[in-house]
Amino acid sequence: MTDATAPAPAAPAAGGKRRSLLEVDERTRRRNAAEARFRLYGIVAISVGLLFLLLLLGSILFNGLSAFQQTFVQVPVYLDPERLDPEGNRDPEEMRGVTTFGYKPLLNEAVYEKVQSLGIETPLPEPAMAPLLSDGAATTVRSFVLENPDRLGETVEFDLLASSRVDGYFKGRVTRDSIARDRFIDAAHLDLADAMNEAGTMGKQFNLSFITGTDASDNRPEQAGMGVSMIGSFFMMLVVLILALPIGVAASIYLEEFAPQNRITDFIEVNISNLAAVPSIVFGILGLAVFIQFMHLPQSAPLVGGLVLTLMTLPTIIISTRASLKAVPPSIRDAALGVGASKMQSVFHHVLPLAMPGILTGTIIGLAQALGETAPLLLIGMVGFIASNYPDGVAAGFLDPNSAMPAQIYEWAKRADPAFYERAWGGIIVLLAFLMTMNIIAIILRRRFERRW
Amino acid sequence: MDVFWLVLTVLGLAVLGYWLGRTRALRSVAGDSRYLHSLPSYYGTNVALMTLVPAFFVMIAWLLIQPLIINDTVADMIPERAAQGAGELSLVMSDVRRVAAGLDAAVEQGALTEEEAASIRAEFTDIRARLGEIGVALGQEVSASTLRAAQVYRSMTASGSFWMSVVVLLLAGGGFATALMRTDKDFRARNVVESGVLAILFLAASIAILTTLGIVLSLIFNTVEFFRLYPIDDFFFGLTWSPSFGGGSELGVIPLLWGTFYISLIALAVAVPIGLFSAVYLSEYAPKPVRAFAKPLLEVLAGIPTIVYGLFALLTVGPFLQSVFGDDTVGWMQSASSVMTAGLVMGIMLIPFVSSLSDDIINAVPQAMRDGSYGLGATQSETVRQVILPAALPGIVGAILLAASRAIGETMIVVFGAGAAARLSLNPFEAMTTVTAKIVSQLTGDADFSSPEVLVAFALGMTLFVITLCLNVLALYIVRKYREQYE
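Which chain is which? The protein sequence lines are A and B, in order.
Residue 1 is where the first sequence starts when you use the working numbering, and the numbers rise one by one after that.
Residue 1 is where the second sequence starts when you use the working numbering, and the numbers rise one by one after that.
Keep in mind that the hints were calculated from the coordinates and are not lab data.
Heads up, a few of these hints could be off.
[As the list claims (entries may be wrong)] Covered, in the sense of this in silico footprint (three residues per stretch, anywhere, with C-beta under 8 Å from a C-beta of chain A), are these stretches of chain B:
{"id": "1", "region": "97-109"}
{"id": "2", "region": "187-201"}
{"id": "3", "region": "269-277"}
{"id": "4", "region": "309-316"}
Idealized CB from N, CA, C, for every residue including glycine.
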């Protein structure tokens, strides 16, 4: 296997002159250079790998952190009773008759007055204030009014969402060049926004509703949030945990402790190692065909997603559980058998508790893998709609259509408005934060409880 | 009875059974557990298991089979003309289910009484309007046959779940009673419980077989259905991929396979040198602190979800490549998504696969071989190149094959990075598409499983499954065979 390295033993150099060992000859120099080169290749390879990691994380943070900030406008709004409660009864039921459309002129007035009172000069008339505010601003005011009908007639200070274009302007996504052909907003709006920003009535704040809020429709990227999809992911992970952990542990115990050496056992083992390498999208096809086409479970339900991800994670959990069962030394089993325990008792009373930290570590890593998986979710329909409602109750959490974090990110990345890209990157930060937490917990568990025998 | 309450009742019965079984066993020996065959808790567990297991198995089987039977019966009621072909039938059936759900909602809200719901006729009542009033939107007018089918569907579902409750409760009670009767000081409760538990463990292990079976069956059935609608030769040898839902699609798989292999090739060209050199450096050269720092960091790349790589390809790498090779400079690249974009990003994802697997394999080469080589005066790099790598080669080939199977099955990166147009071209800066990306695009959304344009996804899935399965089996075989060589 080892070919002779040197073509021929180095013949005494021409002229018969013996050289000193301390003098490096040509061939040694070449070999040393090759050695240095080889080592350099290794260093370069690792640096390139790490550089890619750095670039990836850098571009996530660079693009995504801005999603956690949002431009808000602080304006005092006069809640005009004439227009918001024409009947004058202060009855929330009647006041529902005024839609958000009815609130918009009120907001435009409020912004316009604020601008005037700050002494900002603008060529824009009052109705042209609308592009500054998000469509969601009217909803904010309306729900405030419906909750506090007795505050009609007062002037209330609101923090209203600015529109996504104004927000993009402050974040550098929208420039004066890029809006040249925009029919919603023109340069005068941006001048006004600059002036309002200087006056301190418009500016970026931390945006909690990105983390807790619901998804929003195509034309309101400034309102979209991760909250509902997080709940969807949570219910999916619950299904995975409830099913995959017991089934995986039971299967591993059988294979590691009880299985006889025969064809069936071999077949099961081959199946498991193959399933671990089957592309995830194939599990999506399985879920679509079996759970939706055949069993008619509801589409887009976290239950179905959880079932598919369970099947996908099972091999991972089984493989790591078997490894930690194998790590428990046979002396433990022998001692248990020696004092009269049955085989089953030795496993359940002694081996399993000792293997538990390893099993939990493997399970958490399997869950983390399932949490970030997207492809199978696309096939069972967890995309293509707006996850705008929190599920009411536990049963609805499992069965009502919902999104999941990676599916939500996919959804945002597919939308036309570039404002959603920022959301997608921000969503990735949230997703990675979850994955990191899970992995850190797994590492801590391993460090803390792992026993070397 | 609701499934939820049914489960709860059976569980309650099991808990009661545990307690009763234990007490009864103890009473049979007047409280002195030394005279029992097994520990008292085994008698309790025996009763609980006998209550739970048969009842739950029957319940699960019933829940799986009942919809099939009802569907068959109801499908028979639908007149021929309304349902030509399997696809039409499934549309009608989903209508039936929606109407049935609407009637359920109507009864629940009190808009209809139970009798009314069972007896209204489409000829006399405008069902759509009445259901619309209570917030159940129906796409089209409800035909008489659909409504009648929906009513039968409802009544069968109702009686089905009634009988299921009865059977499950009887089984639970029966198991409970039998096990309790048998409880006695001479009854070998531990042996019975342990063989029961062993059976459950075996069932859990065979879920892996069931999953594989499920994958294979769901692929085969739909693939066969597809080949009934679309000629098999055109699929495997067709050079054009242009699905159109209006009909007249050309569904040749060759362009997709070409895209898949091209992208995988570029990915491997990135991942294999970087991964292999990293593995060699980390296992042979790196000082301990560097190894402890660099190895986990490289493995972070493997833990990042593929959707992140997809977005990275779409929004960072693609635009960057376009600014370098795009129209502004050399003009090779028309759009940000291309084979290069997807391949490069996929290569980054695969680095840790190649490096950790190769690392393991290089570490498995015995130290004696290195020492022998050093003893003959070889430098470290000569040892690596001429002793260690040849010895580890089969394992490394296995690792690369595994990485290749990953690359072929990868979905999110190509969905975002590779483009949507199926092309047969050699230019790596051109947008192409892959098998996985097309599975996603053909199956996303409300699919009806009757048109070849949707069913082709299953044939693609089958192709993908077979290719990756062969690669995996080959890789596992090689890795296993050569790992044993040095052990």
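Tested hints:
{"no.": "1", "hint": "97-109", "in the structure": "violated (count 1)"}
{"no.": "2", "hint": "187-201", "in the structure": "holds (count 6)"}
{"no.": "3", "hint": "269-277", "in the structure": "holds (count 5)"}
{"no.": "4", "hint": "309-316", "in the structure": "holds (count 7)"}
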